Every structure is written in structure tokens, then in C-alpha cells.
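Protein chains in written order, with the numbering used here: chain R, 1 to 260; chain Z, 1001 to 1150; chain F, 2001 to 2116.
For the record, the hints were derived by calculation from the structure and aren't laboratory data. Just so we're clear, the structure is a prediction, and the values are computed from it rather than from any experiment. Among the hints, a few may not be true.
[Stated by the list, open to error] In the BS3-like style, the derived pairs of lysine-lysine whose C-alpha atoms are separated by at most 27 Å in a straight line are:
id, chain 1, residue 1, chain 2, residue 2
1, R, K253, Z, K1103
2, Z, K1103, R, K138
3, R, K33, Z, K1011
4, R, K138, R, K121
5, F, K2010, R, K138
6, F, K2086, Z, K1011
7, Z, K1104, R, K253
8, R, K174, Z, K1071
9, Z, K1122, F, K2010
10, Z, K1071, R, K253
11, R, K43, Z, K1011
12, R, K31, Z, K1122
13, R, K174, Z, K1104
14, Z, K1104, F, K2038
15, Z, K1113, R, K121
16, F, K2038, Z, K1071
17, Z, K1104, R, K138
18, Z, K1103, F, K2010
19, F, K2038, R, K253
20, Z, K1113, R, K253
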Amino acid sequence: MSEKTSGAVSKLQLSTPEISLKTVSKLITLKVKRYDPDAGRYKLSIYRVSVSRFDTVLDALLKVVRDQDHTLSVRYSCRMGICGSCAMMINGVPRLACMTNAISLGDVIEIEPLKNFPPVKDLFVDMDQMFRKHRSVKPWLIRGDEEEQFTAKKEYLQKPEEVDTYRLFSTCIKCGACMAACPTVASNPDFLGPMVLAQAYRWSADSRDEGAHIRFDIVDNPNGVFGCHFAGACSAVCPKNSDPALAIQLLRKSILRGKR
Amino acid sequence: MAESSLQILIKRVSGWFVPIINIERLAYLLHRLTGLYLAIYLPLHIISTHNSLNPIAWAQEMILYGSPLVKIGEVILIFAIFFHGFNGIRLLLVEYFNVCLPKKMPSSLYIEKRLSLDNCQKTLLYLTFVLSIILTILGTLYLLGLLVLW
Amino acid sequence: MNMRYSSIMKWQYWTAIILIVVLTIHIAFRIIPGDYEKSLSYENVRSNYSNIGYSIILLILLAAALFHGFNGLRVIIYELSPRAGKIAGPILLVLGVIFVVIGLLTLLGIYIFPFH
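Pulled out of the complex, with its shape left as it was, chain R reads as follows (with noise of 0.2 Å):
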């Protein structure tokens, strides 16, 4: 796997078993920890899925619903890795299910939902806390302007080099994976979160942007970016190598020395 697509996540495959090019298809089991509403607890589901050497666990998790199991409810869209939509917990590590490798995990492969957010039904969860907290950031363009903004007559002039100050941070594409691997958020359900903090200074970064101060305002607080205490696990999981760790860094920067 190359470090481009999934960063360090991919040196976490524990062992690697000699997959030979002739491998046409591996029998592996999932072990899926399922919610059940109705019973308000976790079960666990045990699948044997067949999987080719490209199948990626959202393909094996598509397999098990389709032949096995109807009543497996899995959160996917894309299967691209670009929605953000099918994270959870593989093998302890939170990563997207369409962007993981199945056969190179191993015989068994552990899925549980995405960690620190309450679960719906067996593997997807409610997200509606973690965008509450990106929009009390103010996602967006913040001028003074408000006419210009709703009648438009003409375009916001941005450098190249303007743009290089926040386009890392704007490749978020708010899966939820950084909130699960935070130990913060899971100690301390209204600390805004890494992909809250990295959007809030993307859009203060932005040369466009004439809210910082008011974000800034808005995340000095110990829920905000005091609360993090950089474990970096939230750039170690990123699937799309965001780094909201540095965006974090750059945001306290900000704050503690009172400037953009």
C-alpha cells in the first residue's frame, strides 16, 4: 500500500501473509460487532466470505449482505474513498471500508463501528453531533461584504501560495476516522474534535476569509484547541493524509500568538 493513499495506517497490517499472484480467492472471516436497537447492546456476527486478492473490506462486508446476511446494515457510497461514509473500526484501527485491503489483514478480520459515536444499527452511526460541532465553527466564508457575497459580481482573487496555506486541510472529506482515533473526543464528548479544529483553520487560513477572529474566539476554550493534547493518532488514520494534527499546531500557533 502506498504511503500516499493511507499513510502510516498502512504499516499497522500486523501480518502479512504470503498472498502469491496465483491467489485467485482466500476463505477469511469477519467478525463483525453488531448494534442491535431494539436490544440496545452489541452482538457479534460471524461471516466466512470468500475474497479475491482486490477486494477491499466494504467488498467482503457487500458479499456477506448480499449472500449471506440481508440484515447487515453497512453506511457506503462511493466506494472510492472520496464520500467518507463507510468508516469503522477495522482491526482496532479506524479506517474506510472501501479504501482497506481485506486479504492482506489476515485470516480473521475485526469490524466494529466507528468509535466515540453513538451507533444506529450494526455498523453505521450517528454523525449528527460531529457536524453540529463543524458548523459552531463556522465552515465558511466570513466578509464583511455580505452583498458581494449573495450577488455576485465578481471573483475572489487568490494566489497559488494563498491557496498552499490551507488546501491540505481542504481534502477533509469528514469520514469521522481522526474523531474516533482522538483519545480526547473519547473522553470528552464536547471536545470539538480534530476534523472540527483543522476545518476551523482552514477556513481562518483562507486569504479570503475575514472571520478568523471570530473562530478563534470560538475554539479558546478547553473543548476547543486546548483540548488537544497531541497524540497525533488523528493524522496517523487520516484515509486522505489531511494531517488535521498540523492543522491543529498551526491553529494554536494562531491563537497563542494573537494573529492569523
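Chains Z and F: place on chain R using the hints.
Chains Z and F alone, transformed into the frame defined by chain R:
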């Protein structure tokens, strides 16, 4: 099903410990644990040094400190001080003095290394662990009287 | 509180810097005699305290360490339960002051009971 406060507390604290995905997260956990250890040690130390006003109480205290349990605690203390100190210096350098933060972000999205987890910041992290371990070993040897200085 | 939270965090950073300096000096005083056991002898400890410069260093260490440590505790408690964190703040402040006073009494005690 409502969870009791204790269950919620245990779940939240366990979130510090698992999953350890990267070394920075291990450093975060150790920083927190050593910080707790030091924060508990400090008041005890302040009270115990109060006995320096009375030679009899002091001698009694020294006998108490000779016990193996206290010695083990002291070795952990040495690690706690050095790790918390060096990791703290690393955090200060990055968060307050902005060492290793890029002045100019790269213009390409296809960067090989993540700027927060590789290169400069990783070097600081490895230095922290290496220095902590070396100084802990030296400190323990000195504590046990096995290291002759001068 | 009108004071921005980043101000409290700046204090956390500054006490950290101060602690690195004074703690190095404090540890140095345990290493200079060359033998750990000897450095903890009653005579050596008393002579350390009668050095006024060192006593001032110890006072700075006391205040900075208690602030840094108890603020850290408050952060952890707040993370686990914001309600408990708000209560813990003033409690830890009071405890901090108490321990500063105990430490101060130890340092001043050397001058009140010079030959014990």
C-alpha cells in the same frame, strides 16, 4: 440502557489507552500518566521535607525511604521527571516556540511525509524517548549508589 | 470568565519553562555531593536550605510546580466531567495555596529553628 457514572468514567479513561496507533499517542499517554504520578508525589514531598526541621523525624523518614517499595517508587519517579520534562520540552518547542512547524505549506497535495508526524517532529519524539531512557538509567544507578561521579 | 482560556495555557507553558530551569538546579544539589545518600544527610539538607539563593529557587519551584501540577489535574478532571472540572478548579486552588504555605513554613523554619 443507562450507564452508571462509574461505567462512563471507565469507558472514558480507557479511551486514553486504546488504540495505540502511533508513537505520539504513546508519548501522550506517558505524559499524562507521569504527570499524574508527579502531581500526587509533589504534595507528599512537600509534607515529607517538612521533617527536615527535626533531626529525629528526619532520621525516621530516611529509614522509611530505605524500604524497597519506596525505592521502586523513586525509580519510577526518576523516569516520570525525565520523561515528563523532555516530552514537555518537545511540546513547548512545537506548540509555543513553533519549531518544526512549516513556515510555508507545500504546494502539492501528494506529499510523502505528514508534516506533523514525520521528519522534524519525529526526530524530536525519538530524542525525547532516548534521552528519557538514558537519564533514567543513569539516575537509577546513581540512586542505588552504583554510579560513582567524583 | 472574561479572561481568555489561552491566558491560563500561557501560564502553563511559562511555569513549564521555569520548572525546567529550577528543577535542574534542585536535582543538581542532589548530585553535587557525589553520593545520593550523603546528599540526603541532615547536615547537608540543612546547609542547602541556609543558602538563601537556593531557598529562593526552592520557593519558585514550589509555586510553579504546584500551579503546573494542579492545573494539569484540573484539565484532566474537566475532560472526564466538565461539571467536576468546574468544582475542582477552586478546590485545587485552595489546596495549592495550602501546600505553598506548608513549603514556605519549611523554608522559613530553618531560620526560626537554626540549631535543632
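Evaluation of the provided hints:
A C-alpha spacing of about 11 Å is found between R/K253 and Z/K1103, which places the hinted pair at or below 27 Å, so the restraint holds. At roughly 25 Å between alpha-carbon atoms, Z/K1103 and R/K138 fall within 27 Å of each other, so this suggested pair holds. Distance hint between R/K33 and Z/K1011 is fulfilled; the C-alpha atoms sit about 17 Å from each other, no more than 27 Å. Proposed proximity of R/K138 and R/K121 is contradicted: the alpha carbons are some 30 Å apart, above 27 Å.
Straight-line distance between C-alpha atoms of F/K2010 and R/K138 comes to about 26 Å, which keeps the hinted pair within the 27 Å bound. For a cut-off of 27 Å, the pair hint linking F/K2086 to Z/K1011 stands: about 21 Å separates their Cα positions. For the suggested pair Z/K1104 and R/K253, the alpha carbons sit about 14 Å apart, so the restraint of at most 27 Å is met. Restraint check for R/K174 and Z/K1071: not satisfied, since their Cα atoms lie roughly 50 Å apart, outside the 27 Å limit.
A threshold of 27 Å between alpha carbons decides the hint, and for Z/K1122 with F/K2010 the separation of about 24 Å falls inside it, so the pair holds. Using a Cα cut-off of 27 Å, the hinted pair Z/K1071 and R/K253 is violated, with the two alpha carbons roughly 41 Å apart. Proposed proximity of R/K43 and Z/K1011 is supported: the alpha carbons are some 18 Å apart, at most 27 Å. A distance of roughly 35 Å separates the Cα atoms of R/K31 and Z/K1122; the hinted pair therefore is violated under the 27 Å criterion.
Pair hint R/K174 plus Z/K1104 holds up; C-alpha atoms about 25 Å apart against a cutoff of 27 Å. With a C-alpha separation of about 54 Å, the suggested pair Z/K1104 and F/K2038 falls outside the 27 Å cut-off, and the hint is violated. As the CA atoms of Z/K1113 and R/K121 are separated by approximately 37 Å, the hinted pair breaks the 27 Å bound. Of the supplied pair hints, the one linking F/K2038 and Z/K1071 holds, its CA atoms being roughly 16 Å apart against a limit of 27 Å.
Distance restraint check for Z/K1104 and R/K138: the Cα-Cα separation of roughly 25 Å lies within the 27 Å cut-off, and the hinted pair is therefore satisfied. Simply put, Z/K1103 and F/K2010 have alpha-carbon atoms about 22 Å apart, close enough for the 27 Å limit, and the pair holds. For the hint pairing F/K2038 with R/K253, the CA-to-CA distance comes to about 46 Å; that exceeds 27 Å, so the pair is violated. For the suggested pair Z/K1113 and R/K253, the alpha carbons sit about 21 Å apart, so the restraint of at most 27 Å is met.
The structure shown violates the earlier hints numbered 4, 8, 10, 12, 14, 15 and 19.
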